[in-house]
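Here the protein sequences come in this chain order: A and B. With the working numbering applied, the first sequence corresponds to residues 1 to 421, in that order. With the working numbering applied, the second sequence corresponds to residues 1001 to 1328, in that order.
Keep in mind the hints are simulated off the structure, nothing from the lab. Just so it is clear, CB atoms sit at the ideal spot from N, CA and C, and this is done for glycine as well.
Output of the computed footprint for chain A on chain B, the stretches with three or more beta carbons under 8 Å from beta carbons of chain A: (1) 1061 to 1068; (2) 1208 to 1214; (3) 1236 to 1249; (4) 1266 to 1273.
What follows is each chain in one-letter form.
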Amino acid sequence: MQEALREVRVALLEADCALPVVKDFIAAVKEKALGEEVIGSLSPGQALVGVVHRELTRVMGEANAVLDLAVQPPAVILMAGLQGSGKTTTTGKLARWLIEQKKKPLLVSCDVYRPAAIEQLKSVAAQAGADFLPSDSSEKPLDIARRALEHARLRYYDVLLVDTAGRLAIDVAMMDEIRALHAALNPVETLFVVDAMQGQDAVNTARAFNQALALTGVVLTKLDGDARGGAALSVRQVTGKPIKFIGTGEKLNGLEPFYPERMAARMLGMGDIVSLVEEARKGVDQEKALELATKIRKGKGFDLEDFKQQVQQMRKMGGLSAMVDKLPAQLTQNINPAQLVDDKQIRRLEGIINSMTPAERARPELLKATRKRRVAAGAGVSVQEVNRLLGQFEQMQKMMKMMKGGNLAKMMRGMKGMMPR
Amino acid sequence: MFGLLKKSVDQAPARPWAERLRAGLARTRGVLGTDLSALFKRRNVDEALFGELETALITADCGVEASAQLIAALRARARSERPADGAELKRMLKEELIALLAPLERALEPAHARPLVIMFAGVNGSGKTTSIGKLAKFFRSQGRSVLLAAGDTFRAAAREQLVAWGERNGVTVIAQASGDPGAVVYDAINAARARSIDVVLADTAGRLPTQLHLMEEIKKVKRVIAKLDPEAPHEVILVLDANIGQNALNQVKAFDAALGLTGLVLTKLDGTAKGGVVVAIAAQARSSLAQARSTSKRPLSLLFVGVGEGIDDLRPFSARDFVDALVE
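Generate coordinates for the entire structure from the input sequences, incorporating the hints supplied.
Structure follows, in C-alpha cells:
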C-alpha cells in the first residue's frame, strides 16, 4: 500500500495539487484505507484507488452549488483573480447564464489598468445580450463601482456583475483597492476566478484572496485544456469555498456546473468518462444508437451504412479529439492528436461511402478492384483512400465486437488503429 | 488616456537590470529562499535535508521528475565531494541549477534580417499582448523601428489592447476590422518592408493545445509568413505564465510540434509563483537531447522574463541571476 500511496502522491503532484495539500490528503486517505476492510475481488491497490477517488470527491465538496441571489435586487457579484485567469470572459458567460435564468444583469468593468479591458467587457456584454454600463480608464474603480450600484438600483436590474482588474495577491495597493470595492458594493457573491492550469502557487494566491475578500465561491477556467486541474483541490482546501462553475472554451455558452467526482477522476488521470457519456447522449441520435446496439447484440453484421452513421455522430459530438479529451490519460497517451480525424476527413469518408451501392454498403466484401475504381472515381478520391477506409471499417467492426464485451480499454486500443495516418 | 500611467513609469529611476530582477523575484525568494536559507544554515548534510530540498523544489513547480533528478545528482555529488555543511550543499544545488538552465540563455539578435519577424503564441491569458507591448519598448530603446501586427482577431478588444500599447510606444500597429489572422500578419510584413522597419512583432489569439482547429489555424499563420520570406518567422516564441504548473510542459510540446518554437518568454514572475516549471522544461529538453544527440536542433531558449507590471519589466533571461534570486 505504501507503494500505491506513493503513486497517488505523484499523480496528484503532477496534476499540480499543492504539496502541503497533497500531504494532508494522503494522510487522511491512509487513515481511511486502513480502517476499510479490503474484501472481495478487488486488490488492495484497486480498493485504495476507490478510497482515494471517494475522498477526493468528498473534499472537493457539493456538486452543483448555485449562485445565491436571494437578496433585495440588485444582487451584486464581484469577480476577482490573477491577471489572465479569465475574469472578463467568465463575467460574460455568467451574464448569459443569468439571462437564461430569466434575470436582468448589468455589467460594469472596474479594470482601468489593462489597455482595452473595458472595451473587451463591452463587446462580451453585447455578445451575451446583456446591458453594459460604460466606464473610463480615467475614473477611479471605486467611483465606477458606486455609480454602477446606483444605476443598477434606479433601473431595477436583478444582478450587477462587476469585473475587476487582475491583481497579484502580494500587491498591497491593489488588494486594498479590491477590499474597498468589496466594502462599497457589499456583494452577495464574491467569485474567485482560477486558471485550471495553475501550479503550486494556487494555495498562496487563494489564501491571500480569501483573507482579503471573504470569497463565496470559485470559478475554475480553461478546463477544456489538458491540464489535470490540481489547482481545484488546492483552492478548495485552502479557502473551504465551493467551486461553483467551470469554464470551458471562449464561447459564452462554455460555463458548466462543477461536478466533484469528475474532477477527482480527471486529477487522478481517470478521465471524464461520465461527461463523455453525457456528451454522447446529447450528440447522438438515441434511436439510431439503439438500433445499432440491438444490431450488434443480435450478432448481425455491422455494415458500412452503420459505419457512416457512426462517423456522422462522431462529428456531431465535436469530433474525435473532443471525445479523446474526456478519456483517461492512461488510455489516450498513446494517441497522437495529429492522427485524429478532422471534419474534412470525416466528410471525405462520407463521400466515399455515399458513392457505393446499397448492396456494397451491406456487404463490403463485394468491393473488388473494379468496383473500388468506380467508387474512387465517384467520390473523387484515389483507390488507396477507398482501401484505407475499408481498413478503418474493419477495425471499427472489430471494435464493435469488443464493445459488446464492454471492454473500454480494449476499445480504446482498437480506436488507435482506426485513426487514419 | 494613459498619460497618468506613462508618467509614473517614465519618472521611475532606472535601476540596473540584475537589481530589478532581484526585486521582482524578491517574493519568490521570500517563499523558496527563506525556506532554503533556514535549511542550509541549520545543520549538517543528512537525509532529511535532501528530503526538504526536494520538497522546496516541488513547491516551486519544478515537477516531481525534475526535482527527483536534481536531488539524485546532488546526492551523487555529495557522496564524492563530501560537502562540509548545508551551505556548501546549497552552492552545489545552485551549480546544478545553473548548469541546467544556462543552455536556455540566448540574446535576441535582430540584426540578421530585415524585417526580423517574431511570432508569438500561447494559451489564453498567458500575457502575449502585454509581452509584445513591453518588447516593443525594448527594441525601441535599442534604437530599432518596430511594427506590431494585431493577429488576435478573435478575442474581444484584443486589437484595441495592442493599439493602446502601440500608442504608448509610438509604434505603428497594423490591424484589420476582423477576419483572418494570416491576412493581418501578411499585411503587416508588407507594410514593414515598405517602411523599412527593423522588427515585426506578430500577436496571435490565445489557444489551448487541445483545440486542434485553432492549432491548425496558427500553423497557417506561420505558413503565410513563410510565403513572404522563406526564412521568416525568424523567431517563434511561446509565452508562458509563471503561475502555470506542469501543464506548461504539454504546452511547450504541443506548440513546438505545431510551429517549431525557437524561444520562450516567462511572464508574471513578480507574483508569488516561482516559475520553477522552467527547470522542468530544461530537464526534459536535456534528456530528450541526450536521447537524440545527432539532431542539430538547438535547445529551446528562454529569451525574456517578465518581472513586473511596468513597461521596462521584461528583461533578457540570465540563468545565474535567475538561480541566484531563486536560491538565496
